[in-house]
Amino acid sequence: MTLPSIKRLGEGFGDFIDLSKPVEFTFDGDRYSGFEGDVISSALAGSDQWLISRSFKYHRPRGLFSLAGHEANSIIQIGDEPIVYADLRKIEPGMTAQPVNCFGSLQRDWLAFLDRMGKFLPVGFYYRSFFRPKGAWRFWEPVIRRMAGLGTINPHAKHRYYDKKYGFFDVIIVGGGQAGMNAAIEAAKQNKSVLIVEESAQLGGALNFQRLDARGVLAKEIRDGLVQEIANLNNIEVMISAVATGLFTDGWVSVTTEKRLHKIRGDTVVIAAGSVEQPAVFRNNDRPGVMLGTAAQRLMRLYGVRPGKRGVVLTANDDGYGVALDCLDAGVEIAAILDLRTHPANGELRAQAQNTELRILEGSAICEATGHHHVKAINVAKVKEDGSWNETGETISCDFVTMSVGYAPNAALISHGGGSFEYDSDRAMHLPSTLPDWCHAAGAVNGLFSPKACTADGIRTGSMAAKGESSKAERAEDPLAHSINHPFPIFRNVKGKDFVDFDEDLQSKDILDGLNDGFRDIQLLKRYSTLGMGPSQGRHSNVNAIRLVAKYEQTNEDSVGTTTFRPPYRSEKIAVLAGRSFDPVRRTAMHHRHLEAGAHMTLAGAWLRPGYYRNGKSAEQSIFDEVRNCRSNVGMIDVSTLGGLDVRGSNAAEFVNRIYTWAYTKQQVGRARYLLMTDEAGVVIDDGVACRFADNHFYLTATTGGVDGVYREMLYWNAQWRLDVDITNVTAAFAGVNIAGPTARKVLEKLCDDIDLSAEGFPYMGVRIGHVAGVPARLLRVGFVGELGFEIHVPASRGEALWDAAMAAGEEFNIKPFGVEAQRVMRLEKGHIIIGQDTDGLTTPHEANMEWAVAKKKPFYVGKRSVDMQAAKPSRRRLLGFKLTDKNAPAPEECHLIIRDGNITGRVTSAVRSPSLDEVVGLAYIEDENTEVGSKFHIRIAGGQLVEAVVAPIPFYDPDNKRQEL
Amino acid sequence: MADMPNQRLQRSFVYRNLEQAGAKFSEVAGSLMAISVPDGTVDVAQNLGVADLSLLPRTGYKGAEALDWLGNQGIDIGVESNKAIEQTDGSICAKLAASEALILSPLAGFSNVVSDLKAAWAKGTDQRAYEVQREDVNFEFIITGESSAHMFAKICGVNLSPSHFAPFDVTQTSVARSNCILIRCDVGSTLAFRMLGDSASAEYMLECLLDAMAEFGGSIVGHDALTALSAI
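Protein chains in written order, with the working numbering: chain A, 1 to 966; chain B, 967 to 1198.
Incorrect hints may have been included.
To be verified - Short derived list, chain B residues pointing at chain A, Cβ under 7 Å:
no.	residue
1	1143
2	1169
3	1173
Stated by the list, open to error - Label-pair ranges, simulated between beta-carbon atoms:
no.	chain 1	residue 1	chain 2	residue 2	range
4	A	119	B	1140	58 to 66 Å
5	A	573	B	985	19 to 27 Å
6	B	1089	A	616	22 to 30 Å
Hints are computed from structural coordinates only; laboratory data are not their basis. Even for Gly, the Cβ is constructed at its ideal location relative to N, Cα and C.
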């Protein structure tokens, strides 16, 4: 059954809703009806449902309070989406919303008894509880985890689409109210590109709901005029339902909409974010039905909902009279207006109210509201001249109470940007005292409240922003600003439950107890008591707390200081911050051929490489089949990802000679030579092959993961050496294959007719330039896998064509592709190292048994001094080959430990059950002196078992290297 | 002559994506390019379209005397870095730095500039100028349409709005976390950007572009749409 909706207000009310479009939704299991444009809070209120949530600590009933999403009262959950503000989220057909922080039901919360346990839950109690006696935390932690939190995350929730967008404007205006719109118009008239960021669903800010004049028409007139003027200017862009969550250096503003994070840069920023109405503090000021005056006005003007049937208005300024007049216009009874001021200033709205039959009690406050799930009456107290009160007066029955006791500038963003504040005791509010050069403050955020002052301030800042003038923390005179805030709207009650911070359930005594506990600095008091640390981030609590502290400490508010606002201004979804993640993926030219052949792809940095090709068997069997085919017939692997660097110029040889450890100045054209690279600490960081295609042209290869670092290092060093050399990273420019196996030459002979491919014409470690399958190619005879092999590098756009041609040519020789895993097996059978697997952050060439790749007589290479120093010391460890003595023992894995005489003396870096040798072989660092061939040791494998191994010479396979030199 | 990309030696890095979009291929400047795409009309190109130019000839030169060498070959390079100059035959020379420039073919493809430069360089030079294989190290796309700058704002942090990024401005920046070169080269009266990036990331980048374009109703267009656009 859908609970009936109360009849909405008519003409002049309900600006945001469409009465012709009802919408049904569910809250706490009950069905409700609202209208298109309603937010959840207004739709619930429209059905006389005022209870929305339970408070954090005491589980007290809570309801609509600001209708601006400023506090935790309105936090609910929709489906698997937590932290939804009922004040801000529009209802949608079929929406299912749930209250949070209640156990059982919202009406009958099992934890409501905590409201009577206040004496056991003093301020900061959690610092002294839950950990004694020893072991108590093990009991309490799951209880607290179960009870805590404002919503539930679904770890299996489907990721929805979020993204980000950059924006660039001359002037960004945060806040589309009177001051903001005027600033925008002024800047636009000076031909600047302007952005207005407005949090609500339409421009206007407070003009959308507040009453400025007796007739109640001025606000709308001003608003409509400004909106029309903006519409006529094509250099103003407006973002509505958009929240500026942070202001950063040099005008960078983060703005969130429902599914997007906007990163916007403005040359200047004008903060016209308005002000936040403040509550009065009295006993039970948190009951559902007790709300801010502007909340009642929003409810009526925007959503056409009456705040109740009979209300009491508590006020300390003219705005409260506006609330009362609005209620009268809406046909709502006002039992009384309680004016805190003993001698109220005469404003236009008060004067109008005095002309009605409204009952006005001057010098009166609320000492207590009564009612449990909803307010049902208030007790009046007389306020003395000195501001004290201790008498209770009459009881007035009511079903709603509004509070209009003042405002605090909504200055969080100014704080983000580095601005500072001072307390103006005359206006009883904190005002900006310093601003970043590029940031202006206008309107209520700058302490101005009258229409005339807001307009003038908007024009002033808009003009300054357009001209690029440095900001000034200044404001014109505004008589209204001096009578809008009550300096101390706090009426402490000895019975407590007079809330200063609604989110954190902090009462006035909690603030004072925190001071008595020694936390006298406002920053410490904040962290001790959690004041201002809830979802409202102090919007409704900071100022009153500062006033309390000042009074108790017998100082002034400015001396107390204030805490710092930091981003975000409002809660941000992690999904919005994450956005549409970009994970660049690099594919070789032959990528799709691998997929078509059933490859299991693996990531190598950003590259996708085929690990192995599925053939219906297990992964290990598939890999071993690839190894056997390569060793007995011919295989082909895509090596496109390997790094490629062209080094060209008259000093090319000298450059290569300085970068790498071996000698290259005399390397012959047409020959390749192994490359080993060390850093300045003498640590091995990369390897490859240097191919000399001409006197002044070296083509260097590098590892897939290392090439970008190698390129950077080369540029870095040559920036100092200034050799005549050009270095170009051509990794992506070339696609490459390695055709390897006993019949590799036969395959290539079918594709290449301009190179002598014979063993004499193209010997091992030779390089040639020619054509393969009609494609210009660089050919290298290199033997990483230990078979006759030809590495062919072609322009990347022709890589797939090369692959197709080679597969076709090799078909009669049973050519099969092989992947990275088979390559790793074969290179290990040859004892070839992999940088980063068989070397670590400390490996020197000598430790890796690579002394043969170090030119001892060369005067310089990067790292030489360190390498020489390391070589002069006794060796700590060596990378050696090993075999398991029991051929049937399980193969160890990387980093399994070497154990000798009960001591750890090394670790395995690579190991495999060799399909070519039918035994387990591997490489390991062995850290003592027993490193001779034949020396035995143990390896501790998974499960703690020890397997016996013996130091073995490498290569394990084809020790004379005859196969690769065919 | 074969008319399917996988029958040619030189293949675009995104030819499969174009095939999936229903592209028809035809020869342009000696290579097989996507001429038309079923939903890729000139109206789409005017709003927001992406076309693959990867097989149009292009080249680059770097080195201390590279720009002198190019100037000696008759190329108008200009003074400022990060600016491009349209040559008399419609090809584009973009100066990337004091020691590097790249040359792009005109959209129509009919130009000998690139082949002449390659031939000249292959003859050898004493000048310190070195060829960069732009045809293979880079993919090339062109993004056209009045929504193009708005689309780029979703994936690139540079202000590419027409008021800030003038015709033939060049930016070397990051797009969707991948390094790219963007050159504003309007087609007729339509805002357009030629885009070069890592050829190995071509498919990734095209996927990112199409995803970002979806909001604005953008899609792949063929070479014919560009030709029609150049007349508007």
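- request: Just pull the numbers of the violated hints for me, sorted ascending.
  value: 3, 5, 6
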